[in-house]
Structures are given as C-alpha cells and as structure tokens.
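**Q** Sequence:
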Amino acid sequence: MKILVFTRYPEPGRVKTRLIPAVGKEGACNLHREMAEHSVKRLNRFRGIMEICFDGGDEHIMKNWLGRDLSYRPQGFGDLGERMERAFADVLLSGERKVVAVGTDCPSLSAGHIHQALCRLDESDLVLGPAADGGYYLIGMSKLYSKLFKEIDWGSDKVLLQTLVAAQKLGLRATLLEELADVDRPQDLPVWEKERKRLSKCTIQVLTLCYASNVLFSAFCPHIGFTNLFPNNHG
Numbered sequence: 001m002k003i004l005v006f007t008r009y010p011e012p013g014r015v016k017t018r019l020i021p022a023v024g025k026e027g028a029c030n031l032h033r034e035m036a037e038h039s040v041k042r043l044n045r046f047r048g049i050m051e052i053c054f055d056g057g058d059e060h061i062m063k064n065w066l067g068r069d070l071s072y073r074p075q076g077f078g079d080l081g082e083r084m085e086r087a088f089a090d091v092l093l094s095g096e097r098k099v100v101a102v103g104t105d106c107p108s109l110s111a112g113h114i115h116q117a118l119c120r121l122d123e124s125d126l127v128l129g130p131a132a133d134g135g136y137y138l139i140g141m142s143k144l145y146s147k148l149f150k151e152i153d154w155g156s157d158k159v160l161l162q163t164l165v166a167a168q169k170l171g172l173r174a175t176l177l178e179e180l181a182d183v184d185r186p187q188d189l190p191v192w193e194k195e196r197k198r199l200s201k202c203t204i205q206v207l208t209l210c211y212a213s214n215v216l217f218s219a220f221c222p223h224i225g226f227t228n229l230f231p232n233n234h235g
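Position 36 (the sequence shown) corresponds to 36 in our numbering; numbering is contiguous.
FYI, nobody ran anything at the bench for these hints, they're computed from the structure. In this text, a Cβ means the ideal position worked out from N, Cα and C, and glycines have one as well. Worth double-checking, as some hints may not be accurate.
[Unchecked claim] Straight-line alpha carbon distances no greater than 25 Å define the calculated SDA-like cross-link-like pairs of lysine to any residue that follow:
1) K194 <-> K169
2) K41 <-> K150
3) K194 <-> T17
4) K25 <-> M1
5) K158 <-> D188
6) K147 <-> L161
7) K63 <-> F77
8) K41 <-> G78
9) K194 <-> K63
10) K63 <-> A111
[Unchecked claim] The calculated label-pair distances, taken between Cβ atoms and stated as ranges, are:
11) S156 <-> F77: 16 to 24 Å
12) R196 <-> D69: 20 to 28 Å
13) E37 <-> K143: 27 to 35 Å
14) T17 <-> K194: 17 to 25 Å
15) E179 <-> E37: 20 to 28 Å
16) E26 <-> C119: 39 to 47 Å
17) G95 <-> Q187: 37 to 45 Å
18) R45 <-> L176: 21 to 29 Å
19) R68 <-> E179: 16 to 24 Å
20) C119 <-> G95: 30 to 38 Å
21) K25 <-> F77: 20 to 28 Å
22) E37 <-> Q168: 24 to 32 Å
23) H60 <-> K158: 35 to 43 Å
All chains, please: the whole structure from these sequences, using the hints.
**A** Structural data, given as structure tokens:
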C-alpha cells in the first residue's frame with residue numbers, strides 16, 4: 001500500500017493563487033503551509049507508507065519542512081493529470097497493490113477516509129472522494145487506468161464528473177466516499193477558519209484536562225505541582 005500526498009513547497013505567488021486577491025501572496029502562502037502541515041499531521045497513522053509528491057523546492061528543502069522520516073518524490077513536468085498518472089504508474093509498477101492519492105486542500109480529510117478508501121479497493125476498481133467544488137480530494141486504485149487522467153479540465157468544476165464518465169467507459173466499478181469541502185477560492189476560507197477554531201478548541205480541552213489531572217496528582221504528590229510540570233508557565 002502507498003499513500004501519495006500531492007503538495008507544493010510554499011512560495012509566495014506560486015501557491016493558492018486564487019486566494020491572492022483576498023489574502024495577498026504572503027497570506028495565501030502561509031495558508032497553504034498551514035494546510036499542508038495540517039494534512040500530513042492528520043494522516044500520521046500512515047506515515048510509514050506515505051510519500052510526499054512535491055512541486056517546487058527540492059527533496060532537502062521538503063525534508064526540512066515536513067520531516068526527514070517521510071519519502072519524497074518530485075511531481076515532474078506536465079499538468080496535474082500527467083503528474084498523477086506518472087506517480088501511480090511508478091508506484092504500481094514497483095509492486096504496490098493499493099495506491100491512494102490525496103491533496104492538501106481539504107481540512108476535513110482524515111486517516112479514516114484513507115482507511116475507508118483502502119478497504120473499498122478490495123471490491124472496487126476506483127475510489128474517489130468528491131470535493132464540494134466539483135473536483136475530488138482523493139483517488140485510489142489497484143491498477144493503473146491512464147484514461148482517468150486524460151482529457152480532464154483540471155481545476156474546473158467538471159473534474160469529478162469527467163473522471164466518472166471516463167471510468168464508466170472503461171467499465172470500472174467506482175465507489176464514492178463522502179463529499180468534503182476544500183479551500184481553493186476566497187469563498188472557501190470559512191472552511192479553514194472553522195477547522196482552525198476546532199483545533200484551538202481541542203488544544204484548550206487538552207490543556208484543561210492536563211491541568212485537572214495535575215491538580216489531582218498534586219493532591220497525592222504535593223511536592224510535584226503544576227509549575228514543576230510546566231516550568232515556563234509563569235515566565
């Protein structure tokens with residue numbers, strides 16, 4: 001099994017370009033960086049079989065950014081379809097039985113979606129995760145079907161439909177996962193803000209739980225208090 005994560009090295013003006021009118025080049029770059037790091041972290045369960053397919057930068061820079069324990073593969077030339085087709089071909093020819101590719105534009109994508117896709121490949125030729133904008137956030141297959149990457153209007157709201165039509169012409173058994181929202185346009189920004197608030201809430205809950213646990217622990221071990229566990233808490 002292999003999980004391919006497609007992303008770009010964050011450079012102002014080269015990433016999230018459709019968001020630049022709303023948040024500027026630096027803002028779009030920072031958002032892309034945060035979302036990519038968020039996606040890789042959420043898929044941490046599959047870190048051992050995860051490969052980062054990157055555009056921009058080089059392997060050394062990518063390792064410094066996302067971690068040296070991950071595998072990296074340059075996307076190479078061509079449109080998105082050509083790059084995905086090449087990655088799938090290389091991995092499947094190497095002997096992997098199941099390959100799932102995702103991007104880093106969908107904040108709600110979780111390890112659960114990856115697990116579900118891998119399971120569905122036992123009975124389906126193709127698994128797709130529909131995005132709310134008409135594209136897809138996930139594609140999985142156990143055999144290379146090159147025509148799924150041909151004559152697709154990448155970046156449009158027709159990507160999912162055109163891919164399903166191509167799959168139907170090939171006679172493939174296709175399975176759709178739940179629809180998720182991605183963040184590519186200014187009107188999508190609330191999706192990321194909602195996820196950031198959820199993450200902040202979770203962090204506060206964890207810290208509250210740690211504090212409550214420490215209070216209980218201190219009742220039995222008074223010589224070890226909150227300031228001992230968090231020495232920088234009071235400056």
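**Q** The structure should be examined with respect to each hint, and the outcome stated for every one.
**A** So, going through the hints one by one against the coordinates:
For the hint linking K194 to K169, the alpha-carbon distance of about 39 Å lies beyond 25 Å, and the restraint is violated. Restraint check for K41 and K150: the C-alpha separation of about 31 Å exceeds 25 Å, so the hint is violated. At most 25 Å may separate the alpha-carbon atoms for a hinted pair to count; K194 and T17 meet this at roughly 21 Å. Only pairs whose Cα atoms come within 25 Å are accepted, and K25 paired with M1 is rejected, the gap being roughly 37 Å.
With a C-alpha separation of about 18 Å, the suggested pair K158 and D188 falls inside the 25 Å cut-off, and the hint holds. Distance hint between K147 and L161 is fulfilled; the C-alpha atoms sit about 14 Å from each other, no more than 25 Å. A C-alpha spacing of about 21 Å is found between K63 and F77, which places the hinted pair at or below 25 Å, so the restraint holds. Between the alpha carbons of K41 and G78 the distance comes to roughly 28 Å, so the proposed pair goes past 25 Å and is violated.
For the given pair, K194 sits about 29 Å from K63 by alpha-carbon distance, which is inconsistent with the 25 Å threshold. In summary, the hint linking K63 to A111 is supported, as the alpha carbons are separated by about 21 Å, within the 25 Å threshold. Checked against the hint of 16 to 24 Å, the C-beta distance between S156 and F77 comes to roughly 21 Å, which is consistent with it. The hinted range of 20 to 28 Å is satisfied by R196 and D69, whose Cβ atoms lie roughly 26 Å apart.
Between E37 and K143 the beta carbons are some 32 Å apart, a value that agrees with the proposed interval 27 to 35 Å. Taking the beta carbon of each, T17 and K194 are about 23 Å apart, inside 17 to 25 Å as hinted. The hint said 20 to 28 Å for the Cβ distance between E179 and E37, and at roughly 24 Å that hint holds. Range check, E26 to C119: Cβ separation about 41 Å, and the 39 to 47 Å hint holds.
Evaluation of the 37 to 45 Å hint for G95 and Q187 yields a pass: the beta carbon distance comes to about 43 Å. For R45 and L176, the hinted distance range of 21 to 29 Å is satisfied, since their beta carbons lie about 23 Å from each other. Range check, R68 to E179: Cβ separation about 35 Å, and the 16 to 24 Å hint is violated. Between C119 and G95, the C-beta spacing of about 20 Å breaks the proposed range 30 to 38 Å.
With their beta carbons about 24 Å apart, K25 and F77 fall inside the hinted range of 20 to 28 Å. Taking the beta carbon of each, E37 and Q168 are about 37 Å apart, not inside 24 to 32 Å as hinted. The hint said 35 to 43 Å for the Cβ distance between H60 and K158, and at roughly 38 Å that hint holds.
Checked against the numbered hints above, the structure violates hints 1, 2, 4, 8, 9, 19, 20, 22; every other hint is satisfied.
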